[in-house]
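**Q** Listed here are the chains, written in short residue letters.
Protein chains: 10
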Amino acid sequence: MNRTDVTEKIISTKVTKGLTWSEIAKRVGQSEAWTTALCLGQMTADSEHAKVLGEIFGLTAEEQQWLQVPPYRGSLPTQVPTDPLIYRWYEVVNVYGSTIKELIHEKFGDGIMSAIDFSIELDRQPDPKGDRVNVVLSGKFLPYKPY
Amino acid sequence: MNRTDVTEKIISTKVTKGLTWSEIAKRVGQSEAWTTALCLGQMTADSEHAKVLGEIFGLTAEEQQWLQVPPYRGSLPTQVPTDPLIYRWYEVVNVYGSTIKELIHEKFGDGIMSAIDFSIELDRQPDPKGDRVNVVLSGKFLPYKPY
Amino acid sequence: MNRTDVTEKIISTKVTKGLTWSEIAKRVGQSEAWTTALCLGQMTADSEHAKVLGEIFGLTAEEQQWLQVPPYRGSLPTQVPTDPLIYRWYEVVNVYGSTIKELIHEKFGDGIMSAIDFSIELDRQPDPKGDRVNVVLSGKFLPYKPY
Amino acid sequence: MNRTDVTEKIISTKVTKGLTWSEIAKRVGQSEAWTTALCLGQMTADSEHAKVLGEIFGLTAEEQQWLQVPPYRGSLPTQVPTDPLIYRWYEVVNVYGSTIKELIHEKFGDGIMSAIDFSIELDRQPDPKGDRVNVVLSGKFLPYKPY
Amino acid sequence: MNRTDVTEKIISTKVTKGLTWSEIAKRVGQSEAWTTALCLGQMTADSEHAKVLGEIFGLTAEEQQWLQVPPYRGSLPTQVPTDPLIYRWYEVVNVYGSTIKELIHEKFGDGIMSAIDFSIELDRQPDPKGDRVNVVLSGKFLPYKPY
Amino acid sequence: MNRTDVTEKIISTKVTKGLTWSEIAKRVGQSEAWTTALCLGQMTADSEHAKVLGEIFGLTAEEQQWLQVPPYRGSLPTQVPTDPLIYRWYEVVNVYGSTIKELIHEKFGDGIMSAIDFSIELDRQPDPKGDRVNVVLSGKFLPYKPY
Amino acid sequence: MNRTDVTEKIISTKVTKGLTWSEIAKRVGQSEAWTTALCLGQMTADSEHAKVLGEIFGLTAEEQQWLQVPPYRGSLPTQVPTDPLIYRWYEVVNVYGSTIKELIHEKFGDGIMSAIDFSIELDRQPDPKGDRVNVVLSGKFLPYKPY
Amino acid sequence: MNRTDVTEKIISTKVTKGLTWSEIAKRVGQSEAWTTALCLGQMTADSEHAKVLGEIFGLTAEEQQWLQVPPYRGSLPTQVPTDPLIYRWYEVVNVYGSTIKELIHEKFGDGIMSAIDFSIELDRQPDPKGDRVNVVLSGKFLPYKPY
Amino acid sequence: MNRTDVTEKIISTKVTKGLTWSEIAKRVGQSEAWTTALCLGQMTADSEHAKVLGEIFGLTAEEQQWLQVPPYRGSLPTQVPTDPLIYRWYEVVNVYGSTIKELIHEKFGDGIMSAIDFSIELDRQPDPKGDRVNVVLSGKFLPYKPY
Amino acid sequence: MNRTDVTEKIISTKVTKGLTWSEIAKRVGQSEAWTTALCLGQMTADSEHAKVLGEIFGLTAEEQQWLQVPPYRGSLPTQVPTDPLIYRWYEVVNVYGSTIKELIHEKFGDGIMSAIDFSIELDRQPDPKGDRVNVVLSGKFLPYKPY
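Chains as they are written, first to last, in UniProt numbering: chain C, 1 to 147; chain A, 1 to 147; chain G, 1 to 147; chain X, 1 to 147; chain L, 1 to 147; chain H, 1 to 147; chain F, 1 to 147; chain B, 1 to 147; chain R, 1 to 147; chain P, 1 to 147.
One or more hints might be untrue.
[Said to hold, decoys possible] A short, non-exhaustive set of chain A residues, derived as facing chain B with CB atoms under 8 Å:
| id | residue |
| --- | --- |
| 1 | V80 |
| 2 | T82 |
| 3 | P84 |
| 4 | Y87 |
| 5 | E91 |
| 6 | N94 |
[To be verified] Quick list of in silico lysine to any residue cross-link-like pairs, SDA-like style, CA-CA up to 20 Å:
| id | chain 1 | residue 1 | chain 2 | residue 2 |
| --- | --- | --- | --- | --- |
| 7 | A | K129 | C | P143 |
| 8 | H | K107 | L | D127 |
| 9 | L | K129 | P | K129 |
| 10 | F | K9 | F | S22 |
| 11 | R | K51 | L | V15 |
| 12 | G | K140 | X | G130 |
| 13 | R | K145 | H | A25 |
| 14 | B | K107 | F | K145 |
| 15 | X | K17 | X | G54 |
| 16 | C | K140 | A | D127 |
None of these hints come from the bench; they were simulated from the model.
For every residue, glycine included, the Cβ atom is placed at its ideal position computed from N, Cα and C.
Can you make the complete structure from the sequences, with help from the hints?
**A** See the structure below:
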């Protein structure tokens, strides 16, 4: 058994039971994004989260243990994602990558936006011309320093 | 001459003159992100934008014309970016890609978040534990429909 | 179980029963292209479509549920397709890609042809010199706008 | 000198003179798609086309000769195009590739749609919900035959 | 079940029974090259071929049906083949590719040699300095035409 | 100076002077395929060939010397060729690669067809249904032997 | 002008003048590793560093300005480095990557070792069996936290 | 059975039993890094190590034999690792690769740092600003010598 | 069943029985290198070799037949090998490839060293400074000839 | 100026002056393989070698200095070499890689054959059936040791 097996069981159970990430997140007591990423094998549970997920998805003790092991991260099967929804995000990095780099350097100096001390929040924003996906990313600035 | 030549001249002039994207954006009258992307060869100017940029960067008439031609987009030299700042964004797509897909589908149904009818805004958010990069992405939801 | 399992069952059943996409599409009540794409795991069914396909292919309730989950899209096993029929389409993109870009920009300005608000229709066109494949693609123009 | 040099001169001159593909095609006396592809280095001119293009773009005799040499085709700098407009076409091949294959085989039997005995036509189709790009592809069916 | 399963059964049976492609081709009534390609999953049988192969290899009715479905072509596991015999052919394309292009254009004008309306014949040619592999390829010339 | 410079000068001169490979081969006194490959930088001249080519293309003594240095072979800019004419040959290797391997092994035993002790001949074969490209490849069989 | 031009000038001048990184680092007043990385175009100078390097390498004011612009990082021409010295480091990541991941998670929990809040120190360690390269890497631990 | 099977059993047992690499290393009597790498299929055990690991993980005699066979090394599923913790090490090689090369050459002359006569040690270093990962790498210098 | 299955059985049996390639080669009556390559699925046995290997490894008649079928060669899972021992050989090709090419051309003229009419022999050469791996490669020179 | 410029000058001068590696190696006083590799930019000269090469090729003082700087090694333009002579060596690594690994491990235990403490010697071996390229590689065995 490995983490991938647990992820597949979770996804499969979610489809069969018709659960939503929103209600799962509420029961876990964390944000939707983090909880979903955890269930998809990208984050690590503590024993409490594992127990709750165990109840929701009918996980064995061993499966709950695997949820508490840091996973080998990376949720995409190819370097350039083929799924159109995910590709659009790759496209944003490609088209706006140099822009983002310039603006962060202008506002903070040399350094990066952390992808570890990081959060993501995604909402539906009503709009008469068509509702919009609104995403807020927040990452700590980490400066490069001479030494 | 091509658009790349104009982009290089703009970047080079910006370094020499010590300009900031923030003041350039103000003079162009558009957001920082869009204006920077335009200067980096990823967006298309109208004649008014081109004229203002022409004054700022000392561009010839021909160079201003090139700013008004839709560019071949893509600002990164490799499929997986090597620059750490830009790589973190690729990493976010890799780690959170499946999560973002799940959440958009849960909130909107099948479809994507547009990367064309799209905007990005990047700010410095003060934080006692270390200032944070705050980014808001907004993209129109486009549904897949049976036909 | 996952969507791929359902797709394989559908394809396998279609070969054994000798069904045609044309009659399947008629029973589903949608176009041939969309219905075929749905059966090949690239589109999402509503509950009505799923029920009809369930009857045609003898799908279980769980399999019908999977048809209603947005799939991870991408129907090709390699970045450059090896199958000659599909490669010819890749070749068209390679040879005519820059031409298509120029003509869309000339007729519409900067922007793209949507692949989401999109339809495809494929017909046999009789021709004394050899019948032709006639394909009509229709995609909404989405403009890039300054912000 | 090579064909690429001629292509670059043509593109550069078109920007400077503010020409349109539509008027160039009219003067050449061929379709917009074919004429544009010719100017972008993907098709071969006869002496008459070369002379007309020579007048439009101020090409030397040697440059006109290069237009009559079959080019090394392929208009994209990377295997997966980064430009969003062209990428959408790659995406269509990826998402619909297996569907197109199924439908051509169902309507014609085993074989391919030629990309050589082939034409493409692209138009703006007015639509109250947003104008659409309408593209018609026509390729001769070429059957695989036992031998 | 899919076509790959049928191909594997055929190859495995051929080894166990000690059959030769030459006698299989005679029974099928087609050339060695086409018949072998069919058995290796690259060509499509008609019902008559399928029946004969069914007898030779002990194929079920369903397996015979799969032989009549156009396959997803491509017989190599990697873009650049690692097997020395097949690599030599890739090498010929690499070393002589530009030469073949020049000679076809000189003899026919702009166009290609079809790989669909195509045949291949391979023979052993006795030679005192060491026997030679003699291969004749024949493909219809398809011209690019302005439209 | 290197061999590539000489190749480019030869190609450029051929276009300007309107020469044909057929007449060049006659003057060099070798086959069309070998002579063309030599001129395209894939084969090595002896001093006599170099002198003749020197006269035809106006090559300096140094340029003639470079023709006599074994070149770094490989005439294609990408692993998978993008030019449709050359791609068809790659496709043949992909679709028929396993077939060719089987037939050579059946007729000769384990070994390969040499791409060094090798010749290629390409002709136009008249055909009422459309003229055909006829290509004869001849390569010495080289057996693998236990040792 | 861009940062690459400045890097090349620095390297070229270092060879010609016979300077050492050790003495350059002393004059800059930072560690050898950081100073060398700065000179090789991977770090950003402040105005004081730039002035000192300007004196050492005879850099113009504009070249000194470029040293103060955050560079597009990545010092290797290929994804897998071909130089044996650098390849050994890639090999260490490949062979010990999973080990390093396990040990960091065991000692710290889920998170990473920062490559930004990071330093590297490299020394020659005398050893009777052959001197050794001793490298100390120090990176802040950054935990993944639920949110 | 192969080494990968043994590695998977070890990892799976470790999770279920809640063991730590630190206690496993103590019982094996070697360093943490080497012992972990051994368990992850990257190093070779002698019969004594194999016996101890056999007791810890309940390995059969055959499984213990596999531990003593030199493995096919390489612990990463992709050329560029997707897991953020391991990627940071790839990033260090990319950003600092040329720096490391320069410093080793300056201190030792031309040659490399061995990745075979090599050790790695990883510790937690308390720090009021956040604890740090401290890693010491030691590799024998191997000079290139003329011959 | 296929050749890979036989290879895996051979390797697995060798580990369990504690056999050596040296004694296997003696019983087969061929060199160590060729015999090992045969057992690893890279060479083809005659019926005599197959029988001997059948006895050593307990192979069935069908498994012995597979040993006599020319295999699809290529023993590495990736284009650039990750295993350090095998990588060093790739490195030698990379670092010395152009040198080997120059020396063969200088001593023989244009042509190649055959990898088919080829043998390899590998020995342990005692050396007070550390024993050495001594490898002798012998390949027939094959000249390129004009035709 | 960089090392590549010096390499190109050396190669170009060698062709023009008609020198041989054999006589160059004699004057340098080292083996043919090492001297050729040095001239092709893969090895590092001492001041004495540099002076001799300076005389042979008419190198300036600065060019001689560059010969004494350890180069960024790797003499091939692509991961898989396209030149048939060099490809055959890649093929040997691919076909015999696993065999070489097995034999070294059997004769020495776990470890590698060094590519640094390494030499290569290449000779023409007369043979009535066609002369052979004889190559002797000698590399120090480096054992993996537990620590």
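**Q** All hints are to be evaluated individually against the structure, with a verdict given for each.
**A** Status of each hint after checking the structure:
Residue-level restraint check for A:V80 holds (minimum Cβ-Cβ distance to chain B is 5 Å; threshold 8 Å). Because the closest C-beta pair between A:T82 and chain B is about 5 Å apart, less than 8 Å, the hint holds. Annotation: interface hint on A:P84 holds; nearest CB of chain B at approximately 6 Å, less than 8 Å. Contact between A:Y87 and chain B, as hinted, is supported at the beta carbon level, the nearest pair being about 7 Å apart and thus within 8 Å.
Contact between A:E91 and chain B, as hinted, is supported at the beta carbon level, the nearest pair being about 6 Å apart and thus within 8 Å. Because the closest C-beta pair between A:N94 and chain B is about 5 Å apart, less than 8 Å, the hint holds. Distance hint between A:K129 and C:P143 is fulfilled; the C-alpha atoms sit about 13 Å from each other, no more than 20 Å. In summary, the hint linking H:K107 to L:D127 is supported, as the alpha carbons are separated by about 14 Å, within the 20 Å threshold.
Proposed proximity of L:K129 and P:K129 is supported: the alpha carbons are some 11 Å apart, at most 20 Å. In summary, the hint linking F:K9 to F:S22 is supported, as the alpha carbons are separated by about 18 Å, within the 20 Å threshold. A hinted pair counts as satisfied when its Cα atoms are at most 20 Å apart, and R:K51 with L:V15 qualifies at roughly 16 Å. Note on G:K140 and X:G130: the hinted pairing holds, with a Cα-Cα distance of about 7 Å set against a maximum of 20 Å.
In summary, the hint linking R:K145 to H:A25 is supported, as the alpha carbons are separated by about 15 Å, within the 20 Å threshold. Between the alpha carbons of B:K107 and F:K145 the distance comes to roughly 42 Å, so the proposed pair goes past 20 Å and is violated. Simply put, X:K17 and X:G54 have alpha-carbon atoms about 14 Å apart, close enough for the 20 Å limit, and the pair holds. A distance of roughly 9 Å separates the Cα atoms of C:K140 and A:D127; the hinted pair therefore holds under the 20 Å criterion.
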